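Trainee: Can you build the whole structure from these sequences, using the hints too?
Just so we're aligned: the sequence shown equals residues 1 to 406 in the UniProt record's numbering.
Incorrect hints may have been included.
[Said to hold, decoys possible] Label pairs and their in silico Cβ distance ranges:
| id | residue 1 | residue 2 | range |
| --- | --- | --- | --- |
| 1 | Ser255 | His164 | 25 to 35 Å |
| 2 | Glu150 | Pro339 | 53 to 63 Å |
| 3 | Glu178 | Arg291 | 19 to 29 Å |
| 4 | Pro207 | Leu127 | 44 to 54 Å |
| 5 | Ala366 | Pro207 | 21 to 31 Å |
| 6 | Arg172 | Glu326 | 48 to 58 Å |
| 7 | Pro304 | Pro207 | 18 to 28 Å |
| 8 | Glu150 | Glu178 | 26 to 36 Å |
| 9 | Arg172 | Ala360 | 48 to 58 Å |
Just so you know, these hints were derived from the structure itself, not from any lab. For clarity, every value in this text was computed on a predicted model and none was experimentally measured. Built from N, CA and C at the ideal position, the CB exists for glycine as well.
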Amino acid sequence: MIGHNELTVGGKVLHRWLAVRRGTLARELVEHFAATVADYRQLPSDELADDIVAATEENLRVFAEVLRSGELPTPAALAGPITESAARRADEGMPLQAVLHAYGLGMTGAWKAMTASATADDLPHVLACTELVLGYVQRVTGAVATAYLEERRRISTHDQDTKHVLLATLLRGDPAEEAARRADITLPEQYLVLTIELAPHRDELDPSVGTAIAIRRKLHRVQRELEQYADAATLSLLDTAGGTVLVPSADETTSPSGLVSRMRAAAGVDIIAAFAVAPPAEVAVLVRQTREVLELAKTFGKGPGLYQLDDVLLEYQLTRPTEAAEALSRQLAPLDVHPELLHTLESFVRNGLNRRRTAAELHIHANTVDYRLRKTIALTGLDPGEPAGLQRIGAALAIRRRRAGT
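Mentor: This is the structure in structure tokens:
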């Protein structure tokens with residue numbers, strides 16, 4: 001009988017050849033996956049180059065040991081990068097059929113590479129190698145399927161369901177003690193309430209990448225960062241654009257800016273967020289407030305970053321539905337039929353009353369800015385060059401922008 005550690009094809013000892021070649025071969029096989037399997041073709045290139053190549057190389061390493069020893073791997077030998085990669089595919093929503101198809105393609109490709117130089121004299125060794133390949137495929141696909149299905153079950157576990165019930169209870173403003181008990185979570189003295197908006201990841205804009213997969217990967221990275229930052233008691237409701245996060249915060253050691261920075265790094269996208277701190281009974285009110293603070297920050301041109309009510313106090317007050325707000329808004333009504341005047345006034349205020357910067361922004365001559373401002377003063381009676389006039393103009397513009405949602 002042939003000793004497995006002596007399996008030789010085309011003059012090369014197979015386990016030694018594979019051990020040396022596994023890195024290069026893994027990259028070649030992954031390129032084949034991307035070209036052949038539609039679901040892998042939709043994965044971002046960095047994921048293919050990192051995670052998928054690493055898992056493929058680990059498979060080849062384990063199989064090289066199989067060739068050396070003649071023994072099929074135990075479940076423990078397959079645990080680690082191989083099963084972890086399968087779990088990540090489950091989390092991304094990739095079909096199990098596609099994952100198993102890739103494993104079949106990978107081992108077929110490895111077998112072809114190992115036996116390409118075979119001669120008639122190598123037939124016994126080729127047959128022995130083939131038998132080990134078939135046995136390995138059976139073992140590894142079983143381990144991969146198990147890891148995949150376990151992850152799918154984990155995603156919809158009872159623990160997740162009870163946490164979602166707790167979050168929904170807090171968002172409604174209902175007493176949350178019973179929901180917390182069922183979720184096996186001790187309600188903190190207070191929560192850090194975050195409303196976040198995630199910019200699209202570059203992979204979401206890449207037509208060669210599956211948009212749904214790119215979004216799930218982004219959200220998964222944010223969720224993992226949240227879990228690492230706090231603990232299982234963190235609650236979140238996130239969709240494609242962002243959402244609400246509640247982080248247990250018993251003291252001031254929880255840094256909102258630090259958490260947002262970590263989420264931004266993990267997601268690989270810009271984040272604009274609003275925060276507040278509230279006891280459980282006030283979470284619902286503060287969630288509504290942080291959502292409005294976030295919308296105000298966006299409406300008034302604030303960029304990515306972290307904001308709280310103090311950052312938009314004037315805008316917040318100006319946009320309350322009062323008779324005074326209505327009256328202020330109407331003071332610019334004469335400009336509604338002169339959009340070029342309104343745009344010029346907005347640009348002039350935004351650029352700190354600098355006519356040259358305003359002209360450059362609008363691509364017009366500075367004299368045209370002066371002409372339009374004079375006409376604006378004549379129509380509205382408000383002069384941006386006077387403190388009282390500027391205050392009224394700024395307030396009116398703020399109210400109108402908020403109502404327009406721009």
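Trainee: Taking the numbered hints from earlier one at a time, note which ones the structure violates and give those numbers from smallest to largest.
Mentor: Hints 5 and 6 are the ones this structure does not satisfy, whereas the remaining hints hold.
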